[in-house]
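Engineer: Sequences listed follow chains A and B, in order.
So the first sequence is numbered by the numbering used here: it starts at 9 and just counts up by one.
So the second sequence is numbered by the numbering used here: it starts at 123 and just counts up by one.
Because the hints were derived from the structure by calculation, they are not lab data.
Every value quoted in this text rests on a predicted model; they were computed, and no experiment measured them.
Incorrect hints may appear among the rest.
Derived contacts from chain B toward chain A, CB cut-off under 8 Å, selection only [to be verified]:
{"hint": "1", "residue": "A164"}
{"hint": "2", "residue": "F167"}
{"hint": "3", "residue": "S183"}
{"hint": "4", "residue": "F209"}
DSS-like, lysine-lysine: derived pairs with alpha carbons at most 27 Å apart [stated by the list, open to error]:
{"hint": "5", "chain 1": "B", "residue 1": "K223", "chain 2": "A", "residue 2": "K17"}
{"hint": "6", "chain 1": "A", "residue 1": "K65", "chain 2": "B", "residue 2": "K223"}
{"hint": "7", "chain 1": "A", "residue 1": "K17", "chain 2": "B", "residue 2": "K203"}
{"hint": "8", "chain 1": "B", "residue 1": "K223", "chain 2": "A", "residue 2": "K79"}
{"hint": "9", "chain 1": "A", "residue 1": "K65", "chain 2": "A", "residue 2": "K22"}
{"hint": "10", "chain 1": "A", "residue 1": "K17", "chain 2": "A", "residue 2": "K65"}
Stretch by stretch, here's where chain B covers chain A in the computed footprint (C-beta under 8 Å, at least three residues) [as the list claims (entries may be wrong)]:
{"hint": "11", "stretch": "47-56"}
{"hint": "12", "stretch": "112-119"}
For each residue, glycine too, the CB sits at the ideal point set by N, CA and C.
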Amino acid sequence: NAGVTQTPKFQVLKTGQSMTLQCAQDMNHNSMYWYRQDPGMGLRLIYYSASEGTTDKGEVPNGYNVSRLNKREFSLRLESAAPSQTSVYFCASRRDRGLEGYGYTFGSGTRLTVV
Amino acid sequence: GQSLEQPSEVTAVEGAIVQINCTYQTSGFYGLSWYQQHDGGAPTFLSYNALDGLEETGRFSSFLSRSDSYGYLLLQELQMKDSASYFCAVRDGGLNTGGFKTIFGAGTRLFVKA
Chain A
9 NAGVTQTPKF
19 QVLKTGQSMT
29 LQCAQDMNHN
39 SMYWYRQDPG
49 MGLRLIYYSA
59 SEGTTDKGEV
69 PNGYNVSRLN
79 KREFSLRLES
89 AAPSQTSVYF
99 CASRRDRGLE
109 GYGYTFGSGT
119 RLTVV
Chain B
123 GQSLEQPSEV
133 TAVEGAIVQI
143 NCTYQTSGFY
153 GLSWYQQHDG
163 GAPTFLSYNA
173 LDGLEETGRF
183 SSFLSRSDSY
193 GYLLLQELQM
203 KDSASYFCAV
213 RDGGLNTGGF
223 KTIFGAGTRL
233 FVKA
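With the hints as constraints, model all of the structure from the sequences given.
Structural biologist: See below:
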């Protein structure tokens with residue numbers, strides 16, 4: 009099925025550990041995004057990539073890095089996990105940067121707990 | 123700064139009509155979107171309004187008034203499966219962002235009762 013695929017779905021990390029969240033889309037979308045969702049706070053943008061080869065910070069980039077590996081893949085890395093990074097992470101893509109009307113397509117999410 | 127305000131919870135009965143409001147404040151405005159999210163699931167895109175007025179898609183309608191910085195999502199003939207969180211979202215038109223960031227409200231939890 010066409011869409012956005014995220015891995016893993018669940019992860020528990022110890023404080024200080026690192027990990028990479030993987031995201032891939034097969035809809036030939038130009039722009040890709042990483043959001044985190046915390047209770048009562050909606051979705052907050054961590055990083056985005058408007059097109060292959062470019063990445064930019066969002067609202068809450070501290071503690072994260074990203075790589076736009078190719079048009080399909082956009083990964084999120086936590087270099088040294090902290091309990092404050094416990095959250096649900098969503099990857100999303102959109103058809104084109106200017107076409108808000110198409111909306112985001114979201115992956116199923118990664119539920120990350122840092123202990 | 124940019125912000126969106128929407129009620130935290132709304133309760134309605136099956137078969138009724140419910141309206142979820144959203145007011146926004148942004149540096150530039152490129153349209154208001156709505157997303158639905160069921161518990162444990164991913165947000166799914168519902169609608170988008172760039173111009174004033176009402177857009178209808180089946181049982182769901184979305185309204186925008188740019189002069190009032192206000193919009194709403196209208197759900198008709200409510201069904202139990204409509205119990206979910208609903209988020210309004212606007213694109214951040216700030217010059218330093220290239221206009222790619224979408225800002226989401228905190229969400230409105232809709233409870234549909236039998």
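Engineer: Which hints, by number, does the structure contradict?
Structural biologist: Of the numbered hints given earlier, the structure breaks just one, which is hint 3.
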